[in-house]
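Trainee: Residues per chain, in single letters:
2 protein chains.
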Amino acid sequence: MTEPDFLRACRGEAVDHVPVWFMRQAGRSLPEYRALRGNGSILEAIADPAIAAEVTMQPVRRYGVDAAILFSDIVVPYHAIGFGVDVVPGRGPVIAEPFRAPRDLTRLRDLQLEDVRHVTDTIDRVIDELSATNTPLIGFAGAPFTVASYLVEGAPTREFAVIKTLMHAQPALFDELMDRLVAITIAFLRVQVAHGARALQLFDSWAGSLTRDEYRRFALPATEKVLDGVADLNVPTILFGVGTGELLDLMASANSTVVGIDWHVDLDEGRRRVKGKPVQGNLDPARCLGGEALALSATRDVLARAGETPGYVFNLGHGVLPATDPAVLEAVVRLVHEEGKAGVR
Amino acid sequence: MTEPDFLRACRGEAVDHVPVWFMRQAGRSLPEYRALRGNGSILEAIADPAIAAEVTMQPVRRYGVDAAILFSDIVVPYHAIGFGVDVVPGRGPVIAEPFRAPRDLTRLRDLQLEDVRHVTDTIDRVIDELSATNTPLIGFAGAPFTVASYLVEGAPTREFAVIKTLMHAQPALFDELMDRLVAITIAFLRVQVAHGARALQLFDSWAGSLTRDEYRRFALPATEKVLDGVADLNVPTILFGVGTGELLDLMASANSTVVGIDWHVDLDEGRRRVKGKPVQGNLDPARCLGGEALALSATRDVLARAGETPGYVFNLGHGVLPATDPAVLEAVVRLVHEEGKAGVR
Numbered sequence: 047m048t049e050p051d052f053l054r055a056c057r058g059e060a061v062d063h064v065p066v067w068f069m070r071q072a073g074r075s076l077p078e079y080r081a082l083r084g085n086g087s088i089l090e091a092i093a094d095p096a097i098a099a100e101v102t103m104q105p106v107r108r109y110g111v112d113a114a115i116l117f118s119d120i121v122v123p124y125h126a127i128g129f130g131v132d133v134v135p136g137r138g139p140v141i142a143e144p145f146r147a148p149r150d151l152t153r154l155r156d157l158q159l160e161d162v163r164h165v166t167d168t169i170d171r172v173i174d175e176l177s178a179t180n181t182p183l184i185g186f187a188g189a190p191f192t193v194a195s196y197l198v199e200g201a202p203t204r205e206f207a208v209i210k211t212l213m214h215a216q217p218a219l220f221d222e223l224m225d226r227l228v229a230i231t232i233a234f235l236r237v238q239v240a241h242g243a244r245a246l247q248l249f250d251s252w253a254g255s256l257t258r259d260e261y262r263r264f265a266l267p268a269t270e271k272v273l274d275g276v277a278d279l280n281v282p283t284i285l286f287g288v289g290t291g292e293l294l295d296l297m298a299s300a301n302s303t304v305v306g307i308d309w310h311v312d313l314d315e316g317r318r319r320v321k322g323k324p325v326q327g328n329l330d331p332a333r334c335l336g337g338e339a340l341a342l343s344a345t346r347d348v349l350a351r352a353g354e355t356p357g358y359v360f361n362l363g364h365g366v367l368p369a370t371d372p373a374v375l376e377a378v379v380r381l382v383h384e385e386g387k388a389g390v391r
Numbered sequence: 047m048t049e050p051d052f053l054r055a056c057r058g059e060a061v062d063h064v065p066v067w068f069m070r071q072a073g074r075s076l077p078e079y080r081a082l083r084g085n086g087s088i089l090e091a092i093a094d095p096a097i098a099a100e101v102t103m104q105p106v107r108r109y110g111v112d113a114a115i116l117f118s119d120i121v122v123p124y125h126a127i128g129f130g131v132d133v134v135p136g137r138g139p140v141i142a143e144p145f146r147a148p149r150d151l152t153r154l155r156d157l158q159l160e161d162v163r164h165v166t167d168t169i170d171r172v173i174d175e176l177s178a179t180n181t182p183l184i185g186f187a188g189a190p191f192t193v194a195s196y197l198v199e200g201a202p203t204r205e206f207a208v209i210k211t212l213m214h215a216q217p218a219l220f221d222e223l224m225d226r227l228v229a230i231t232i233a234f235l236r237v238q239v240a241h242g243a244r245a246l247q248l249f250d251s252w253a254g255s256l257t258r259d260e261y262r263r264f265a266l267p268a269t270e271k272v273l274d275g276v277a278d279l280n281v282p283t284i285l286f287g288v289g290t291g292e293l294l295d296l297m298a299s300a301n302s303t304v305v306g307i308d309w310h311v312d313l314d315e316g317r318r319r320v321k322g323k324p325v326q327g328n329l330d331p332a333r334c335l336g337g338e339a340l341a342l343s344a345t346r347d348v349l350a351r352a353g354e355t356p357g358y359v360f361n362l363g364h365g366v367l368p369a370t371d372p373a374v375l376e377a378v379v380r381l382v383h384e385e386g387k388a389g390v391r
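Going line by line, the protein sequences match chains A and B.
Going by this note's numbering, the final residue of the first sequence carries number 391, and the count climbs one at a time with no gaps.
Going by this note's numbering, the final residue of the second sequence carries number 391, and the count climbs one at a time with no gaps.
Excised from the complex, chain A in its bound form:
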């Protein structure tokens, strides 16, 4: 079978059509997801391979996207090793005892295969169905800085005051924390590839909360270690964060195959900032809430800015919003496949 367009685009190669998938395509915007999951905790749903596999497949069947992404969460490995993480609906990850002192390092032991057996079981369940259509599965993890921000702050924050104080006041402790997270993240990504993931996305969702100096000193080195730690697997890697306009050149300097561009940055400008690296993005998810005509108009704008150069994966510039009408995303996928020109041979 030929290499799927999604993987070819990630590598900057010519494609039959511009590939497309959506961050958070598996989840709350789909009625079949809400019907399956009910009101339980997302961590419970992730812990059940039958449910997680079905949720992973739902958007592939409905939208005809070019890649599946594992139904999971960036806190999964930390929940699995018993750090004491819960995901509160409408709020996000909450840590019972946040990371605050050197003694907390021991709570971040190495990840063992049996810790994430539910994750590999989920991959095992989806991989056959995906193989039938040669649809790649994307595995993922949180980048160390973003994970650290949750573990240290203890809850979602807009200010990142605790983590910033830690990094500046106790840089050695911060570095030790990051080293623990690097080891766990590499192990978590490698096991996903071992079971069949054909690409990896590293979510540094909150990198945009850092200045350039902070990103360079406190986030980028750990991200580079993670990317180096999976480089021998030879699967494309995508590095993505929100509000990273000021950081794109630094992100592009790391060893990922693709840089994800969030919707704040015009895509043509984003492509310039990453200096020719393949990019993924960047339709504003809010543009998908006003009906099909508006979403398609916005999609055409993004496709125009993507240009005709290879190395482009269409996506949103952040996750699908829960209120999104799935029919709108179906129409977006059709349009990208029909009208996308980036790298089409």
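Take the hints with a grain of salt, since some may be wrong.
Note: identical chains are not told apart, hence a pair may lie in one copy or across any two.
To be verified - SDA-like mimics (lysine to any residue), calculated; alpha carbons at most 25 Å apart, straight line:
hint	residue 1	residue 2
1	271	298
2	387	258
3	321	258
4	321	291
5	387	350
6	387	259
7	323	291
8	321	259
9	321	295
10	323	258
Keep in mind the hints are simulated off the structure, nothing from the lab.
Remember, it's a predicted structure, so these values are computed and weren't measured experimentally.
With the hints as your guide, set chain B onto chain A.
Mentor: Quick look at chain B alone, frame taken from chain A:
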């Protein structure tokens, strides 16, 4: 008396020392503020000129900043005309009946002097004490787009989905809404200057939620109308928003005297993007939470990036965080006055 350094810096003129004030300097970080206000609503405190005047003066006395800013809120004029706004502690402005349809335009009548008598009474009370030290008072208002986002969304949002759908799906209605807000904003700013405000800041706090195309089409024109509507008053105007790195050149194209730079953008890069216009900013407020030594180190970085060119007002790159130790801000003011070099003659 000579023109104060703050006003001179806003106009790009040489100064005796780099002037400094802090967004949200009047408020929750000061124990004397918390003692005075207790647990009442912020709108109640603003409605009481004795309290509002005292709160306006507290940071001037404690910090020795180069300007006072009126203790107020961007929703004050809309509360005053009965739009149905409340400010919920820990949450922000909440609108009982958000703006959704043409009939809601009639709820945005012109602002009358008597609507904001409490505001002008507050200014009247502080202006003598400020004159004694030749300390300018900064008046302010929300820019139309940011105000519209509250009135339309009905509550603080991270997604801006309702306002974006309105602007793209019903641009004519959106424009009519903006015209109402322009008229109210100009009236509100003019009355503040009439009573003694010597500078004006326009907070377009959420401009960074827009793409460049959206900002150019849906936010900038109304901002320009407001600035044009106060231009004859001949007071410096400062245009500020958060997460506006992609927009700074567009913001600089409007008719404000100064552009505020948020902390995500390195200040030297920010100065380049506004092409020589005076700037204000941009210490990350989170850097003030780790003690004096860390805050002073971060302050020195900002001063270094400000350079030696005139046209610079030191400030944070967003509002003072409630947990900030006032002693740290006192030390920052001293350092800026002692070591700042931008435009010092």
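Trainee: Give the relationship of residue 387 and residue 259 under a CA distance limit of 25 Å: within one copy only, between copies only, both, or neither.
Mentor: between (37 Å within a copy, 22 Å between copies)
Trainee: Tell me, please, which holds for residue 321 and residue 291 at an alpha-carbon limit of 25 Å: within, between, both or neither?
Mentor: both (14 Å within a copy, 19 Å between copies)
Trainee: Using 25 Å as the alpha carbon limit, work out where residue 321 and residue 259 are close: within a copy, between copies, both or neither.
Mentor: both (20 Å within a copy, 23 Å between copies)
Trainee: Checking residue 387 and residue 350: alpha-carbon separation at most 25 Å within a copy, between copies, both or neither?
Mentor: within (8 Å within a copy, 45 Å between copies)
Trainee: Between copies, within a copy, both or neither: which fits residue 321 and residue 258 at Cα up to 25 Å?
Mentor: both (18 Å within a copy, 21 Å between copies)
Trainee: Please work out whether the CA atoms of residue 323 and residue 258 approach to 25 Å or closer within one copy, between two copies, in both situations, or in neither?
Mentor: both (20 Å within a copy, 23 Å between copies)
Trainee: Pop the pair residue 387 and residue 258 into one bin, within, between, both or neither, using alpha-carbon distances up to 25 Å.
Mentor: Classified as between: cross-chain Cα gap 23 Å, same-chain 33 Å, threshold 25 Å.
Trainee: Please sort residue 321 with residue 295 into within, between, both or neither, judging by C-alpha distance up to 25 Å.
Mentor: both (8 Å within a copy, 22 Å between copies)
Trainee: At most 25 Å between C-alpha atoms: does residue 323 with residue 291 qualify within a copy, between copies, both, or neither?
Mentor: Close inside one copy (15 Å) and across copies (22 Å); limit 25 Å.
Trainee: Taking 25 Å as the upper bound on the Cα-Cα distance, should residue 271 and residue 298 be classified as within, between, both, or neither?
Mentor: within (14 Å within a copy, 40 Å between copies)
The structure meets every hint from the earlier list without exception.
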